[in-house]
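> In order, the protein sequences belong to chains A and B. 254 is the number that the working numbering gives to position 254 of the first sequence; each next residue is one higher, with no gaps. 243 is the number that the working numbering gives to position 243 of the second sequence; each next residue is one higher, with no gaps.
Wrong hints could be hidden among the right ones.
To be verified - Straight line, CA to CA, 27 Å or less: simulated DSS-like cross-link-like pairs of lysine-lysine: (1) B:Lys228 x A:Lys96; (2) A:Lys254 x A:Lys296; (3) A:Lys185 x A:Lys254; (4) A:Lys40 x B:Lys80; (5) B:Lys228 x A:Lys185.
Unchecked claim - Some, not all, of what chain A presents toward chain B, calculated at C-beta under 10 Å: (6) Ile58; (7) Leu214; (8) Thr253; (9) Pro258; (10) Lys312; (11) Asn315; (12) Ala317.
Simulated from the structure, these hints should not be mistaken for laboratory data. Note that CB positions come from ideal geometry on N, CA and C, so glycine has one too.
Below, each chain spelled out in residue letters.
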Amino acid sequence: MNSLSQFLSLSDANVRYVVIGCVLLGISSGLMGVYTLLRKRALIGDAIAHAVLPGICIAFMLSGVRNTWVLFAGAVVTGSLAVYLVDLITRRSRLKPDAAIALVLSVFFGAGILLLTIIQSSGNAAQSGLDKFLFGKAAAMLPEDLWLFGVVLLLVVLVLLTGYKDFKLLAFDKGYAQSQGIPVKALEMVLSTLTVLTVATGIQAVGVVLMSSLLIAPAAASRYWTHRLSGMLILSAILATLGAYIGAFISYTKPGMPTGPWIVVVLSCITLASMLLAPNQGVIARYLQRRKHRNKILQENILKAFFHLGEKKNNQALAFGMEVLRQQRDMPVARLKSGLRQLVRQGSLLDTNEGYQLTRSGLEAATRVVRLHRLWELYLSRHLNIAPDHVHEDAEGIEHLITPELERELELLLDSPGIDPHDSQIPYTQKDRNR
Amino acid sequence: MDAFWIILTGSLVALNGALLGSFLLLRRMSLVGDAISHAVLPGIVVAYLFTASLTSPFLLVGAALTGLAATWIIETLNQKARLQHDAAIGLTFTLLFAIGVILVASFAGQIDLDMDCVLYGEIAYVPLDTITLASGIGMGPKQVWTLGIVFVGLIILLLTGYRGLSLTTFDAGYAAALGFNTSFWHYALMGAVSLSTVAAFESVGAILVVAFLVGPAATAFLLTRSLKWMLLIASAVGIASAISGYYLALWLDGSISGAMALMTGVIFALAFVWQMVVKR
Numbered sequence: 001m002n003s004l005s006q007f008l009s010l011s012d013a014n015v016r017y018v019v020i021g022c023v024l025l026g027i028s029s030g031l032m033g034v035y036t037l038l039r040k041r042a043l044i045g046d047a048i049a050h051a052v053l054p055g056i057c058i059a060f061m062l063s064g065v066r067n068t069w070v071l072f073a074g075a076v077v078t079g080s081l082a083v084y085l086v087d088l089i090t091r092r093s094r095l096k097p098d099a100a101i102a103l104v105l106s107v108f109f110g111a112g113i114l115l116l117t118i119i120q121s122s123g124n125a126a127q128s129g130l131d132k133f134l135f136g137k138a139a140a141m142l143p144e145d146l147w148l149f150g151v152v153l154l155l156v157v158l159v160l161l162t163g164y165k166d167f168k169l170l171a172f173d174k175g176y177a178q179s180q181g182i183p184v185k186a187l188e189m190v191l192s193t194l195t196v197l198t199v200a201t202g203i204q205a206v207g208v209v210l211m212s213s214l215l216i217a218p219a220a221a222s223r224y225w226t227h228r229l230s231g232m233l234i235l236s237a238i239l240a241t242l243g244a245y246i247g248a249f250i251s252y253t254k255p256g257m258p259t260g261p262w263i264v265v266v267l268s269c270i271t272l273a274s275m276l277l278a279p280n281q282g283v284i285a286r287y288l289q290r291r292k293h294r295n296k297i298l299q300e301n302i303l304k305a306f307f308h309l310g311e312k313k314n315n316q317a318l319a320f321g322m323e324v325l326r327q328q329r330d331m332p333v334a335r336l337k338s339g340l341r342q343l344v345r346q347g348s349l350l351d352t353n354e355g356y357q358l359t360r361s362g363l364e365a366a367t368r369v370v371r372l373h374r375l376w377e378l379y380l381s382r383h384l385n386i387a388p389d390h391v392h393e394d395a396e397g398i399e400h401l402i403t404p405e406l407e408r409e410l411e412l413l414l415d416s417p418g419i420d421p422h423d424s425q426i427p428y429t430q431k432d433r434n435r
Numbered sequence: 001m002d003a004f005w006i007i008l009t010g011s012l013v014a015l016n017g018a019l020l021g022s023f024l025l026l027r028r029m030s031l032v033g034d035a036i037s038h039a040v041l042p043g044i045v046v047a048y049l050f051t052a053s054l055t056s057p058f059l060l061v062g063a064a065l066t067g068l069a070a071t072w073i074i075e076t077l078n079q080k081a082r083l084q085h086d087a088a089i090g091l092t093f094t095l096l097f098a099i100g101v102i103l104v105a106s107f108a109g110q111i112d113l114d115m116d117c118v119l120y121g122e123i124a125y126v127p128l129d130t131i132t133l134a135s136g137i138g139m140g141p142k143q144v145w146t147l148g149i150v151f152v153g154l155i156i157l158l159l160t161g162y163r164g165l166s167l168t169t170f171d172a173g174y175a176a177a178l179g180f181n182t183s184f185w186h187y188a189l190m191g192a193v194s195l196s197t198v199a200a201f202e203s204v205g206a207i208l209v210v211a212f213l214v215g216p217a218a219t220a221f222l223l224t225r226s227l228k229w230m231l232l233i234a235s236a237v238g239i240a241s242a243i244s245g246y247y248l249a250l251w252l253d254g255s256i257s258g259a260m261a262l263m264t265g266v267i268f269a270l271a272f273v274w275q276m277v278v279k280r
């Protein structure tokens with residue numbers, strides 16, 4: 001607990017730098033990640049991150065000093081070159097973007113490793129720590145690093161705010177943006193440059209290999225919670241900050257633990273949790289929705305079977321057992337049982353000694369489904385000229401989806417018809433007629 | 001003699017990469033290959049925990065299963081959680097690689113695995129680790145044997161499964177209609193990629209594996225439209241990169257893996273310029 005309070009209070013200058021640095025980085029990469037994700041270029045960040053390494057090495061070889069700004073300039077040059085090459089290879093050959101990205105990143109990284117080992121074997125004393133770029137050096141951030149991160153973040157925020165509307169169009173619908181006369185090429189270049197700047201700073205925290213996670217994970221997580229660009233940007237920045245902060249803390253509590261990988265693990269866990277738990281878009285929410293829908297269809301099909309049986313006997317107050325129901329409409333016993341249970345619980349069916357019996361509300365619901373089915377069959381055959389023996393299948397699906405508004409439209413269009421194409425009554429209850 | 005063994009090791013990695021990479025490229029899965037080569041790290045670390053090195057074939061296969069798991073995770077994220085494909089790749093391999101790095105840090109005292117070595121290997125040390133028979137006859141470096149066995153296995157896979165692999169690559173629907181099991185060939189290919197990655201890992205590290213999976217195949221793809229020629233050209237390009245990379249590294253006194261990776265790019269650049277000139 002001592003370490004926690006020490007960490008939270010930021011009293012230790014070292015901790016302060018790490019936390020501020022990670023937060024600054026987190027916000028820029030969280031913001032830029034949203035755009036790379038939406039433009040389906042999530043892995044371009046990976047290519048840039050790997051391509052940054054030779055730039056850093058060349059900058060160091062030329063200048064001979066380990067100055068943050070000089071190395072950063074070198075990183076930006078080769079990072080931009082990588083983006084350009086991926087684009088060039090994709091445009092001027094049969095290779096697809098994914099192959100171009102993989103090629104550029106591995107070759108640039110190979111070149112970077114070659115240069116790095118050359119520098120190391122040259123025995124320059126100032127080189128120590130250059131290899132920290134491979135896995136990040138979050139634990140050893142300097143004040144001048146923070147200034148750099150701050151400047152990049154400021155730039156990212158300013159540019160994104162200024163061109164917010166145009167970038168939004170570009171991210172969601174490039175073709176439309178082009179047709180509106182928006183300078184798509186120039187804007188894409190701006191976004192690429194900002195991504196390069198972000199990646200070139202981000203690798204200082206998590207390193208070359210793991211950088212793409214900083215771009216992808218927060219943006220992907222935020223996508224599950226909202227579809228609005230503004231919401232995604234804010235949430236992605238917050239999640240990235242949170243992940244960077246928690247990751248930095250975990251590695252702080254255990255000596256010898258690398259910061260970058262912990263940030264990545266925390267961020268990935270946030271993303272996986274969002275994936276599962278987010279309302280509407282999450283895996284669990286979608287599963288529940290699907291189950292609800294499946295049960296609704298099951299219930300309506302059972303009610304329909306009751307209605308048809310009652311219709312044959314001209315008495316909707318009769319009770320039917322499972323066997324009779326299954327003869328009317330074949331379905332697995334377990335499904336039927338669970339459907340009947342649900343309907344009894346809802347008050348649509350009564351569980352009597354002779355079997356199950358429709359209640360008043362059950363009869364209303366059953367009548368409605370059958371009515372919708374028959375209305376749709378009539379609509380298909382009358383207005384779309386589909387043969388009467390072909391309309392049943394389609395109506396089986398749509399009957400569960402038609403809303404009361406659509407139902408009224410159908411009735412108007414069909415002029416409140418009495419019988420369907422198979423000469424069956426289109427049923428109404430007393431309550432329906434009173435409407 | 002050392003030069004011979006190093007170049008042979010590099011060439012074997014290159015051959016494995018070129019053959020598998022060609023199929024990956026045609027299936028538009030080059031980045032999945034990239035992801036696998038990073039994602040096997042946790043499997044390798046765990047394998048290292050059991051033995052000092054990846055000598056046992058059982059551990060080799062065990063570690064390779066991590067690669068298969070990674071492809072499965074990518075597919076699941078993509079299909080069940082509706083995450084777009086590139087993001088699923090990026091998320092999966094970074095997470096697994098991060099877990100691997102954390103494992104290395106946690107068991108730093110117990111395993112002899114250097115993080116830099118994970119990325120670019122120590123191919124220069126390959127000739128030092130040799131197998132000697134009880135009778136005292138030197139059998140050459142251990143790594144060469146491991147890679148050689150994987151290479152032979154790969155050739156057998158290609159010879160016996162060529163039709164299945166190529167048909168499912170070019171037209172999955174047609175292959176399925178003919179009765180080929182597309183997901184079997186998918187996972188067979190992914191398994192082969194993971195296995196050859198793990199086998200190459202100790203000597204050359206993740207970076208050269210990726211370079212050899214992509215570079216030679218991409219070069220060959222620009223030069224021919226026939227799969228057989230593509231496999232042959234890719235193999236030749238791979239070996240040429242290994243040889244030229246070795247001498248480049250020797251000349252510059254730098255990492256051999258890095259130089260070999262760079263050479264795949266140089267040869268690709270030549271082919272790229274050539275096809276642009278020819279097209280005109």
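> Look at each hint and say if it fits the structure.
For each hint, the structure was consulted:
no.: 1; hint: B:Lys228 x A:Lys96; in the structure: 20 Å, holds
no.: 2; hint: A:Lys254 x A:Lys296; in the structure: 52 Å, violated
no.: 3; hint: A:Lys185 x A:Lys254; in the structure: 47 Å, violated
no.: 4; hint: A:Lys40 x B:Lys80; in the structure: 19 Å, holds
no.: 5; hint: B:Lys228 x A:Lys185; in the structure: 39 Å, violated
no.: 6; hint: Ile58; in the structure: 13 Å, violated
no.: 7; hint: Leu214; in the structure: 9 Å, holds
no.: 8; hint: Thr253; in the structure: 13 Å, violated
no.: 9; hint: Pro258; in the structure: 5 Å, holds
no.: 10; hint: Lys312; in the structure: 44 Å, violated
no.: 11; hint: Asn315; in the structure: 48 Å, violated
no.: 12; hint: Ala317; in the structure: 46 Å, violated
When the structure is compared with the earlier hints, violations turn up for hints 2, 3, 5, 6, 8, 10, 11 and 12 and for no others.
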